[in-house]
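Spelled out from the first residue to the last, the chains are:
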Amino acid sequence: MKIENTKAQMRKGVLEFCILSVLKDNAAYVAEILGTLKDAKLLVVEGTIYPLLTRLKNAGLLSYKWEESTSGPPRKYYELTETGKLFLKELDSTWNELQNAVNIVTSQKTKTK
Amino acid sequence: MNKTVNINLAGIFFHIDEDAYLKLQHYLEAIKRSFTNSQGQSEIIEDIEARISELFNERVQNNKQVIRIKEVDEVISIMGQPEDYLVDDEIFEDEPQSSYKKKSTTSKKLFRDTDNSYISGVSSGLAHYFGIDAIWVRLAWILLIFGAGTGFLLYILLWILVPEAKTTAEKIMMTGEPVNISNIEKKIKDGFENVTDVAKNVGESIGAAAKNVSESVSNAAKNVNVKKQSNSIKSSSKTFFDTVGDVIMFFFKIFAKFIGVLLIIIGSFALIALAVSLLSLGVADIIHIPGLDLVDIANTGNTPMWLISLLAFFAIGVPFFFLFYLGLKTLINNLKSIGKIAKFTLLGLWLISIIGLVIVGIRQASEHAFEEHFIEKTEFPITFNDTLNIKMIGNDNFNLGFHRRHNDFKLAHNENGNKVIYSSDINVIVKSTTDSIATIVIKKSADGRDYDTAIERAKNINYNFQLKNNTLILNSYLTTNPENKFSDQEVNVILYIPIHTILYFNSTTKSYLYHSRRNDNIVTNRNTNHYLKILDNDIECLDCPDGDFKIKVNTNGVKINEDGIDINDGENSLKINEDGIRVKSDEVKVNIDSNGIKIETVK
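Going down the list, the protein sequences come from chains L and G. Heads up, the first sequence is in UniProt numbering, so the first residue is 1 and it goes up one at a time. Heads up, the second sequence is in UniProt numbering, so the first residue is 1 and it goes up one at a time.
If we strip away everything but chain L, and leave its shape as in the complex, we get (with noise of 0.2 Å):
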């Protein structure tokens, strides 16, 4: 078992929920989305986000149209399918309920302590 393993799989984790939560509410091209996941420091490179984008279009929770840029190729927005929002819903609860427990357990540690 390795600290890096254990940090990445977390981080890895998460990174697919945000993406979803960060589209909750409007369309985003991937800049958009990169620029919020990189200021909230939960991605380091762009890289990640691309396959990741794929898979979940792939799996029915993405969509995309495409729209002009003045400044640019044009670009990809992605917005939530119905399928997506749902998904969203049943994660954001996960979430909470992880949030938690996970926040009783490391409290309780730092209580005993």
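Among the hints, a few may not be true.
Quick partial rundown of chain L residues pointing at chain G, CB under 8 Å, derived from the structure [said to hold, decoys possible]:
{"id": "1", "residue": "Val-30"}
{"id": "2", "residue": "Leu-53"}
{"id": "3", "residue": "Thr-54"}
{"id": "4", "residue": "Thr-70"}
{"id": "5", "residue": "Ser-71"}
These aren't lab readings, by the way, just hints derived from the structure by calculation. Since the model is a prediction, treat every value here as computed from it, not as a measurement. The beta-carbon is built from N, C-alpha and C at its ideal position, and this holds for glycine as well.
Knowing the structure of chain L, use the given hints to seat chain G on it.
The following block gives chain G in isolation, referenced to the frame of chain L:
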């Protein structure tokens, strides 16, 4: 000063320095390799290119500005190293298609492991692939090379065809571990990726430079318009037909793999067989291996054996090599192309070999173009009323029956233990003569490319006969030294027999006589075992039954044959044969035979 290249990145036009271009290209290639097709490789690459294009666009103030290596480096640091693109599959196990995806990423791929190589890394690559220690693979190679010699060929092939594991992702794939972030990090921590890799990559980039520049120009022109259209189509969700297509593709792939295995088996067996025969023939030219002499003797053109075998090897081997290659290509997805130069070299070799073989063939044919005869004449006397018996004699050494075979040559050792060619191509011809003494003429013939060779070969035919107590004993075979090769050697024995002489041909001569009386020949193979009196250009059979009885009837109870006449209608019968006449009915029996006539009534 720097040369620049024009590129089209996601439909946007950029000027880019050549070194920066190469770096970018290498980067994109490396990313491409970290994905399999099932993960949506092309779509991911498209997205990444679009993003890079955007990032470049932000860095270019006007369209005359050139992208330099600095910008490329910046973009790469933003986008991350190829390893960063990989998705840890374990996390997505519950995803619908994950089981399939997992299989495809964790399956091993064959690469050459140049980090642990002795020569080219083929062995250690194979060792990873089969999950055994490299030492066993190397031992197997040594055995193969000394055992059959084919190992060498196979090794070179694998060296050429199996790509080297360059990126970390490839190195992980090679060992069959699932490609995920943790594994990649581990490899990097282990110092797997070292300085030499970088040096190699740079070297390769320079090599590829010339090719890439020309390609980039044509690519730029192609990509601009197509992209938008195809994207709008792709954005529609997966339809029913996609699914049907997937199923069909799946079966097609299985079928293709099957064909691939078949092709590999055919190709490799043919190549191995060829290599073995080439080696043995080539060696036989220097060391004499018994049994191979036959091939050498058939080779009348005197073209060096090694040249013919080499030509034949390429003429047959090249097509089979391509079969083999095709098979490998269908089986191993990431197989490197052998390259245009190699393909054209092989094609050229093949053509040269075919032409060479045609030339050899013409030489071989011209060898038989001249037929020269060497005639040896011997006379011997026969007194007038003697009967001349004629029979053939074989030779135990040559294991021949008394059957003439045209152009059938064999090798054997004669009674002195010397190697000889023998053949049963002997013709016996009988002609009548008005001279008072009989003459036997032995006519030997052989083919040769020129007059001298032919006459030399004809002269070298050994053929013997002897006359003993009124019996002419003819050899049923001819022999010659193997040096003379198979050049259609033939012996005609012509007997000039005075009129009124009586001949008796033993049954052993049957096969050596003509079927018909052509060219003044008067004795045919139907005349054996009879006493024949020679007339002027004809014979008279002295002991043949008068008027050959040829009528044969056998219908409805009526039989007429050499035994006689037999009529039987079930109730009455009539028999006429050498015993006499016998008639039988319900009421009367009549017998006429040597005992006289006997008539008796039944009951």
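### Hint check, Ser-71 (chain L) versus chain G [nearest Cβ-Cβ separation less than 8 Å]
holds (6 Å)
### Message
Min Cβ distance, Val-30 (chain L) to chain G: is it shorter than 8 Å?
### Response
holds (6 Å)
### Query
Holds or violated: is the Cβ of Thr-54 (chain L) closer than 8 Å to a Cβ in chain G?
holds (4 Å)
### Query
Per the CB criterion, is Leu-53 (chain L) less than 8 Å away from chain G?
holds (7 Å)
#### Entry: Restraint outcome when Thr-70 (chain L) is required to lie within 8 Å of chain G by C-beta distance
Constraint on Thr-70 (chain L) not satisfied, violated at 10 Å.
Consistency note: the structure conflicts with earlier hint 4 alone.
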